[in-house]
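> Based on the sequences and whatever the hints tell you, model everything.
Chains as they are written, first to last, in our numbering: chain C, 1 to 111; chain A, 112 to 224.
Sample of chain A residues at the chain C side, in silico, Cβ under 10 Å:
#, residue
1, Gly114
2, Gln117
3, Arg120
4, Tyr146
5, Pro154
6, Gln161
7, Ala204
8, Thr211
9, Ala213
10, Phe215
11, Gly218
12, Arg220
Computed list of lysine-lysine pairs in BS3-like fashion (alpha-carbon distance at most 30 Å, straight line):
#, chain 1, residue 1, chain 2, residue 2
13, A, Lys168, C, Lys49
14, C, Lys69, C, Lys58
15, C, Lys69, C, Lys49
16, C, Lys69, C, Lys106
17, C, Lys106, A, Lys122
18, A, Lys189, A, Lys122
Simulated restraints, written as ranges between beta carbons of each label pair:
#, chain 1, residue 1, chain 2, residue 2, range
19, A, Pro119, C, Thr86, 22 to 32 Å
20, A, Asn162, C, Gly95, 12 to 22 Å
21, C, Ser80, A, Thr187, 42 to 52 Å
Rather than coming from a laboratory, the hints here were simulated on the basis of the structure.
In this text, a Cβ means the ideal position worked out from N, Cα and C, and glycines have one as well.
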Amino acid sequence: AQSVTQLDSQVPVFEEAPVELRCNYSSSVSVYLFWYVQYPNQGLQLLLKYLSGSTLVKGINGFEAEFNKSQTSFHLRKPSVHISDTAEYFCAVSGFNKFYFGSGTKLNVKP
Amino acid sequence: GAGVSQSPRYKVAKRGQDVALRCDPISGHVSLFWYQQALGQGPEFLTYFQNEAQLDKSGLPSDRFFAERPEGSVSTLKIQRTQQEDSAVYLCASSLAGVTEAFFGQGTRLTVV
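Encoded structure:
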């Protein structure tokens, strides 16, 4: 079975500071990995995905993530955050015709 | 269409009422998923369609939940005799095929009073 753990439920950070949102997964098979962002009262928007190839994946809005197979991690990073990045971020793994989501990390960017 | 469309955006139902939630996937997308997102939680899988075939309904919480996609495009999630614990946001997603990427709709927020 697959599962996703997001260790931090909330991450406060000041504007223009770097941020890392942590994600660990467990799976018995090869997986595809994703980060989605959810703004209030909105659906999920895909930030980036890892399917294969380079372990460093670049996404929209300046975000990137690194797939680390030995540590079963897929942490999301941004070198300099903006107020507009305030949202909830979900890590997901897919397999067996479904996506498995973590419980989410609320990123709160302060001025 | 340009994206996945869900209707209604908001639904208030009295306990015991039946509700129907609609999802219009992106045109040509073979795969369609339904998820339930409780307040403060991540989305939880409900069911999966490949065209009109419902290949996985393992996440449906009870026999009060029923989903269909009769012509392989629009899908409806029906909840009979709604209970307070059914209050959640119901998300629909579609993909060209499989689980390499999915596009989500804005969701339907169901409140059972």
